[in-house]
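With chain Z held as given, fit chain X onto it using these hints.
Listed in order, the protein sequences are those of chains Z and X. Numbers in this note's numbering are just positions in the first sequence, counted from 1, shifted up by 66. Numbers in this note's numbering are just positions in the second sequence, counted from 1, shifted up by 66.
Simulated from the structure, these hints should not be mistaken for lab results. A few of these clues could be false.
Since the list gives no way to pick one copy over another, a pair counts as held whenever it fits inside one copy or between any two copies.
Here are the simulated DSSO-like pairs of lysine-lysine, each with C-alpha atoms no more than 27 angstroms apart in a straight line [what the hints assert, rightly or not]: (1) LYS500 x LYS207; (2) LYS129 x LYS273; (3) LYS207 x LYS515; (4) LYS421 x LYS475; (5) LYS129 x LYS500; (6) LYS312 x LYS475; (7) LYS515 x LYS500; (8) LYS74 x LYS273; (9) LYS207 x LYS87; (10) LYS515 x LYS129; (11) LYS129 x LYS477; (12) LYS473 x LYS386; (13) LYS515 x LYS473.
Protein chains: 2
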Amino acid sequence: MSMEPQGKNLVGLSEAGAGDKSFKSYNPTLGAEIEPEFVGASSEEVDRAMQLAGEAFPVFRRKSGEERAVFLEKIADEIEAIGDPLLERCDAETGLGIPRLTGERGRTCGQLRLFASLAREGSWVDARIDTAIPDREPLPKPDARLMLMPLGPVVVFGASNFPLAFSAAGGDTASALAAGCPVVVKAHRSHAGTAELVGRAIQAAVKACGMPEGTFSMIHGDGRDVGTALVQHPITKAVGFTGSLKGGRALFDLAAARPEPIPVYAEMGSLNPVFILPGALEERGEAFAQGLCGSVTLGVGQFCTNPGLVLGLEGDSMDKFIGAAESAFGEAAPATMLNPGIRDAYEAGLETFDKTDGVALVAKSSTAVDAVATQAGAHVWTTDIDAFASNPELSEEVFGPTTLVVKCKAKNELIRAANQLEGHLTATIHGTEKDLEEHLDLVEILERKVGRIIFNGFPTGVEVCHSMHHGGPYPATSDGRSTSVGTAAIFRFTRLVCFQDFPQVGLPDELRDDNPCGIWRIVNGEQTNGAV
Amino acid sequence: MSMEPQGKNLVGLSEAGAGDKSFKSYNPTLGAEIEPEFVGASSEEVDRAMQLAGEAFPVFRRKSGEERAVFLEKIADEIEAIGDPLLERCDAETGLGIPRLTGERGRTCGQLRLFASLAREGSWVDARIDTAIPDREPLPKPDARLMLMPLGPVVVFGASNFPLAFSAAGGDTASALAAGCPVVVKAHRSHAGTAELVGRAIQAAVKACGMPEGTFSMIHGDGRDVGTALVQHPITKAVGFTGSLKGGRALFDLAAARPEPIPVYAEMGSLNPVFILPGALEERGEAFAQGLCGSVTLGVGQFCTNPGLVLGLEGDSMDKFIGAAESAFGEAAPATMLNPGIRDAYEAGLETFDKTDGVALVAKSSTAVDAVATQAGAHVWTTDIDAFASNPELSEEVFGPTTLVVKCKAKNELIRAANQLEGHLTATIHGTEKDLEEHLDLVEILERKVGRIIFNGFPTGVEVCHSMHHGGPYPATSDGRSTSVGTAAIFRFTRLVCFQDFPQVGLPDELRDDNPCGIWRIVNGEQTNGAV
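Chain Z on its own, in the form it takes in the complex (with noise of 0.2 angstroms):
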């Protein structure tokens, strides 16, 4: 496998590249375009691939878990093969530096590997059975089983923030792979070197493994004709998306208006708001800024789970953890965001901040931004309560380094701002256990409004287990019932089968009463690992 991109679409197990629009990606560190010149996939290349998907799909779907789980290990492995050029090239279109990379990339074969012991294990298809009961009066009781099974071909966008995570053979290409689908990607345009990289290591593991063809394909497109081709294809059965509400919400309505309407699961942003709580602003203010500023900072801010909003009560705590927010935030060096339109649109979020009344610039790095290698600084605001409920800009995402802190006078403004918030990915309460106790109001009003509550930590950072959830309510998602991180992901790609008095032959494994992959079911209302 080459270690360059060769700027190819992936359709099945060939290149393509027949399009008639090309680009380079963007090194933001350098300030210039970099090799090798992408050619967008033709409209009959895209249909290619969505049509090898629909072929693949019927035998995709019959391969057992524990063959899915050596395909997955396999993804995992050749992306692990590829080594420090997959880093260099990552770094080079994103800026974002080898040591979070490195961790990225672990992350993405972690999360492969999670998944494969997921199919492997195989208890997530929630399999049900209810025997017959021939004899019941007034009718006899058919014998009934259950299971979830794929969906479908599903398109995933790569996501310009996480090259290795969210991309290629991120979350959503594992867990839609281990739950059965094939996968259509399109690679995000700023990262394009590397999601060939990681595609052709997809590209290998089908072939060493024997998946048929069609299971895995990746198109470039510049501009958003491909997008939307894939997201109309009839054959396409979900979407994966990681990215801006514009962006989300204009493939959510293409989606909804197709005469098949498919779920559309776009994760949005969100403010990520942190409440600190009066004694643990009293007893570590200081701390909890210096804690602040690195997670508003981490990654250069651009994270979906960046903490954008901060809000406390008034008073001599405040002032102080004001303070030394201000020399965290100054001495935070500014840094090279993903490329120069993200950079743009993060100036012109602060410009909004600047021109608004009632909002006080508290610091910003003091270094001097390097514009040529696409930096930007740090920022810290204040405002209150009033202000911010009658600016709702100031409500929305700014996407980088940058957070505004809420000054209430009681904590009636505390729980008047958590319930007019909007659907958010995360919210933070950081408090002492006696400050949690006296704000569980607090806490019931959070659990309707994010998909993630943290105490006394901070939302950067999102763990890859069983029990992970990142998601929200609308505008953080447009699905706020499914999660992007965790292995309940596998659900956002899968629907209910039942089997009404089939013989045992005509049963999945996941259903015959020996139980030969041993799972966890549900028989006749009980939790059981056993044969029926």
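Then chain X, alone, in the frame of chain Z:
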């Protein structure tokens, strides 16, 4: 509680009816309107119902599983306590007959009690706990705890064809209340009195169990304004509907176009194809004809699972089956449909069949139809695979007691027909075990096309149990991922919430270390009903 409907809307614990439109129910058997007059809700009353639901939600969602179970059981008790007046009113409004309605009441109360047992047992929340690993390298692992929580206020549209089991206290109401979501029902105008009586039973249960006032409301409305207002109301978080493709799609489109899109679970009908395989056709074609006629005419063909399409191989066995079907359908007595609109639509559908080249009428009810009594006769038709494939109108549901037999020349034509199917609620295979073994490819195709596959039975009659699925890919439903029957229906009205590093005092009972609910959870990847 009055045993006669008063023509009122039930908004929380009050009666209402300030709308400017009124209507009466129609007795299809008598062919005449019946008292009382129902007044639709005004837009203020619709808003009031949703506001009350919004206020009830934070309180109702915190009720324990036991409290919700007692409430659901109380609703069932109150419905039974109405006694014969409920069945009589319902029969007057639907013409379905006392025996069927007695059965449907049993099913309605049975599913309320099944959801009560689900809420009481509690494991449905899919609780997961991953405990912290503070010394993990390179980063500590946080404690993460995940569970399903209720989505928010749900709007349920009553279904004309199940005045009890899919209406005011029907499946969606039961699963939404079990999940912790308040419900606002839009009563179906063709059984408004039935809805009011059942609504009053729920109102009584709300009072008796001390649930918040807005836990339940029931709204009448003539025309679309009320339904549109309910779906567009910002407090509404999900919609359940059973009815026509046109009606369901309209609600789906409204919901998708909201500033905050919400899920619509619309069940929109289905042809429910039945495949009769060669061995079974030879062995028991005549018995199959009897069974088919019974299923097609059950409830005057007004089931979502009515088998409207039969596919088998031509030949002597087919001819014998057709002969038997001719007798059976000819002998089937005409019967009263739900209302004149449904009867007229049925007749229009028959006319389409009659005019389609290549479609022949095999038989219809030989007894004359009583038009005043809104009667319709049973019909059975034949065609061949080419005429079926080239006339898309033959793949559209005709709601009523009619079915179309498609004669195929060989197995490959059966497979072709299966591959061309759109989404359906069910498919049925009649065959010997040998037939099934020789048609596992057919099963594989059907797994991708329908929600439930029945072997040697008929699709009408949907068992309410843990393992049931009533749903299917579009256009059978607007969301093929979910079911409207069986305990898995509770997932419709839920979303995930994760608690990270929370002290025990801030956690819901379901996620506490000591597992006070005694539920099954996934703790560090292992199923257990023990403590952490």
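Okay, the hints, checked on the actual structure:
1. Taking CA atoms no more than 27 angstroms apart as the test, LYS500 paired with LYS207 passes between copies only; the shortest distance there is 25 angstroms, against 54 angstroms inside one copy.
2. Taking the shortest alpha-carbon separations for LYS129 and LYS273, only the intra-copy value of 15 angstroms comes in at or below 27 angstroms, while the best inter-copy value is 53 angstroms.
3. In the homo-oligomer, the alpha carbons of LYS207 and LYS515 lie at most 27 angstroms apart only across protomers (25 angstroms), although the nearest pairing inside one protomer, at 42 angstroms, exceeds that limit.
4. Taking the closest pair of Cα atoms, LYS421 and LYS475 come within 27 angstroms of each other only inside a single copy of the chain (24 angstroms); across copies the shortest separation is 76 angstroms, beyond that limit.
5. Taking CA atoms no more than 27 angstroms apart as the test, LYS129 paired with LYS500 passes between copies only; the shortest distance there is 24 angstroms, against 53 angstroms inside one copy.
6. Proximity of LYS312 to LYS475 under the C-alpha cut-off of 27 angstroms is found in neither arrangement, the shortest distances being 35 angstroms within a copy and 52 angstroms between copies.
7. With identical chains, the CA atoms of LYS515 and LYS500 are at most 27 angstroms apart within one copy only, with a shortest distance of 23 angstroms there and 55 angstroms across copies.
8. For the identical chains of this complex, LYS74 and LYS273 are intra-copy neighbours only, at 18 angstroms inside a copy versus 67 angstroms across copies, given an alpha-carbon limit of 27 angstroms.
9. In this assembly of identical chains, the alpha carbons of LYS207 and LYS87 never lie at most 27 angstroms apart, being 61 angstroms within a copy and 45 angstroms across copies at closest.
10. For a Cα distance limit of 27 angstroms, the shortest separation of LYS515 from LYS129 across copies, 19 angstroms, qualifies, whereas the shortest one inside one copy, 39 angstroms, does not.
11. Taking the shortest Cα distances, LYS129 and LYS477 sit within 27 angstroms of each other only across copies (25 angstroms), while inside one copy they are farther apart (56 angstroms).
12. With identical chains, the CA atoms of LYS473 and LYS386 are at most 27 angstroms apart within one copy only, with a shortest distance of 13 angstroms there and 83 angstroms across copies.
13. With identical chains, the CA atoms of LYS515 and LYS473 are at most 27 angstroms apart within one copy only, with a shortest distance of 21 angstroms there and 55 angstroms across copies.
This entry does not satisfy hints 6 and 9, going by the numbered hints stated previously.
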